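Starting from the known structure of chain D, fit chain F onto it as the hints suggest.
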Amino acid sequence: MVGEALLEVRGLTLRFGGITALGGVDLTIAEGETLAVIGPNGSGKTSLFNCVTGLYKPTSGAITLQGESLLGLSPDRVTARGVARTFQNLRLFLHMTVLDNLMLGRHLHFRKNLLAAALRLRGEEIRHRAKVEELIEFLDLEAWRDSRVAGCSYGVQKRVELGRALATEPRLLLLDEPVSGLTAEEKEEVSYWINEVRGRFGVTVLLVEHDLRVASRLSQRMVVLDRGLKLTEGTPEEVQRHPGVIRAYLGDQ
Amino acid sequence: MDLVETYGEELRFARKPLARTLLILLLVALALLPWWGPRGWLTRASLVWLFAVGVIGQNLLIGYAGQISFGQAGFLAVGAYTFGHLRIAGIPFPLALAGAGAAAGLAGWLVGFPSLRLKGPYLAIATLGFGTATYQIFANVEWLSGGRAGLAIPALQPPFGLVRDTWVYLLYYAIFLLFTGTAYNLVSSYLGRALVAVRDSDIAAESMGVSLSRTKLLAFAISSFYTGVSGALMAQYLGHLEPQAFNISESMNFFVAVIVGGLASVEGSIFGAAFVVLVPALLGGFRWAVPVLFGSAILSVLILEPLGLAGLWLKTRLYFRLWPFR
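Chain order of the listed sequences is D and F.
When you line the first sequence up against our numbering, it's residues 2 to 254, in that order.
When you line the second sequence up against our numbering, it's residues 2 to 327, in that order.
Bound-form chain D, shown alone (with noise of 0.2 Å):
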């Protein structure tokens, strides 16, 4: 099941001015695999995530995916190498319907055709369609499919955020936070999807959770930053046992 490296990240520094957000973090992911990122606020992990989807351009460092380097594109591009991600404080398309949502998530594989759009040929619309329809039967978002997603409850606009993550056919799926703010029984059900969407859609997925229990149970491996430095990697029991990450959560004793 676990296979070759699909990410690799090395010595991936950024700083701010004075502030350094990530100091030289290595990191691979193998395809199929799930890795969690876990560490206390502030210790560089969504910088991490910025970082490999585009959105923050590293001091130093190098991201590839499967041997060919990320760095320097710009994140549309990146998504189309095949790395799809969500967002810690959701950031949907609050004016726009689940659907549109979704169908947004299939933008990238869009045949672009300008003339086609304005005389309203929508042979391309209606194929991404089935496949976005596989999606919301699959999130069990049926009900809301013609709801504006400002409308909707926090938990549906979680699900409505993976599923825009999805329809994009990832090969690698950040999951920045995806059970925060979560009921304990919409956990159980996030947990459920995000085991699932490893068999079904074969992707490979790197977790962001401050959650212990959720991110022990979904990862084979985790990686601890604190104040953007890697403090020690290894299956959930050892990092959980390790006495950096003790300290670092819960301070000297």
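Any given hint could turn out to be false.
[Claimed, not checked] EDC-like mimics (lysine to aspartate or glutamate), calculated; alpha carbons at most 20 Å apart, straight line:
#, chain 1, residue 1, chain 2, residue 2
1, F, K316, F, E243
2, D, K132, F, E11
3, F, K17, D, D27
4, F, K120, F, E143
5, D, K188, D, D147
6, D, K132, D, E143
7, D, K132, F, E10
8, F, K316, D, D147
9, F, K316, F, E306
10, D, K132, F, E6
11, D, K58, F, D203
12, D, K58, D, D27
13, F, K120, F, D203
[To be verified] Ranges between beta-carbon positions, derived for each pair:
#, chain 1, residue 1, chain 2, residue 2, range
14, D, R149, F, E6, 18 to 26 Å
15, D, G182, F, L305, 31 to 39 Å
16, D, G68, F, E306, 53 to 61 Å
17, F, E10, D, N196, 30 to 38 Å
18, D, R149, F, Y123, 28 to 36 Å
19, F, I89, D, G18, 34 to 42 Å
20, D, G182, F, T44, 34 to 42 Å
Think of the hints as simulated: they come from the structure by calculation, not from any bench.
Predicted model only: the values in this text are computed from it and were never measured.
We put the CB at the ideal spot given by N, CA and C, even for glycine.
Positioned in the frame of chain D, the structure of chain F alone reads:
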């Protein structure tokens, strides 16, 4: 029973039979206006059609793509003068119209570049600069604007023995329908979705594979193409071009039309165009009150009905859909 059976059916324009029938009746009635309406209405209605094309263009940019532009008068002027010079050179009307649109579209594409770095009020200032600069150029470069005498544009020769007013009305109505239909098709396509995505959250749009630069530049180009065509129609309508027609207050007129009509709505743009054309006409002798009225209209829209006239229209339709059960 309203049952949609295919995805394609759902994408149809005015899907329900009743809406379709009413729409066709309205369009036919408007096409026959020269034969049932008073003469005075014709020229005014032509003015609404030509304005509507420009307002739709502006709305594509401000309402859909969320890029604020105060430089519409600049694109209007580029369209109008390109059209004027082409017509004087003897180019036929349709080609001159396309040329005017293309020239303004190109200008819009260029002006779009600052939008890749600037947002909100900063972009508004940059486009305001473009509008003012264009006005100054046309006001001061004589070979462009025809100097003190202005630019006289050859009048249209009506075919089939039609009266000129009737012919102009029908022609403008047809052009308006063409551009409105295209706008409806564009905003409901992948492009419209990308525009709204860029407006709602540019970071998310980019992360979902929408090229920000391409989408924004395209929005500027299409919007100014519409505005350029509107300027050309205005030039033909006036028959005489002076730079004064393209100062900042013209940009404001478009802005008022978009806000009062309703952001991100094609039919709203048409309502807005009708508002800015017909209200001053209704005021008659009280022309000085127009800016006051426009100002208070914007204020009341922002406070009472942020979706503008299009919002009112939507609520009316919703009311009758549920009627008599409310």
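To see whether the hints hold, each was checked on the structure:
no.	hint	result
1	K316/F - E243/F	violated (42 Å)
2	K132/D - E11/F	holds (16 Å)
3	K17/F - D27/D	violated (58 Å)
4	K120/F - E143/F	violated (35 Å)
5	K188/D - D147/D	violated (25 Å)
6	K132/D - E143/D	holds (14 Å)
7	K132/D - E10/F	holds (17 Å)
8	K316/F - D147/D	holds (18 Å)
9	K316/F - E306/F	holds (11 Å)
10	K132/D - E6/F	holds (17 Å)
11	K58/D - D203/F	holds (17 Å)
12	K58/D - D27/D	holds (16 Å)
13	K120/F - D203/F	holds (11 Å)
14	R149/D - E6/F: 18 to 26 Å	holds (24 Å)
15	G182/D - L305/F: 31 to 39 Å	holds (34 Å)
16	G68/D - E306/F: 53 to 61 Å	holds (56 Å)
17	E10/F - N196/D: 30 to 38 Å	holds (37 Å)
18	R149/D - Y123/F: 28 to 36 Å	holds (29 Å)
19	I89/F - G18/D: 34 to 42 Å	violated (59 Å)
20	G182/D - T44/F: 34 to 42 Å	violated (60 Å)
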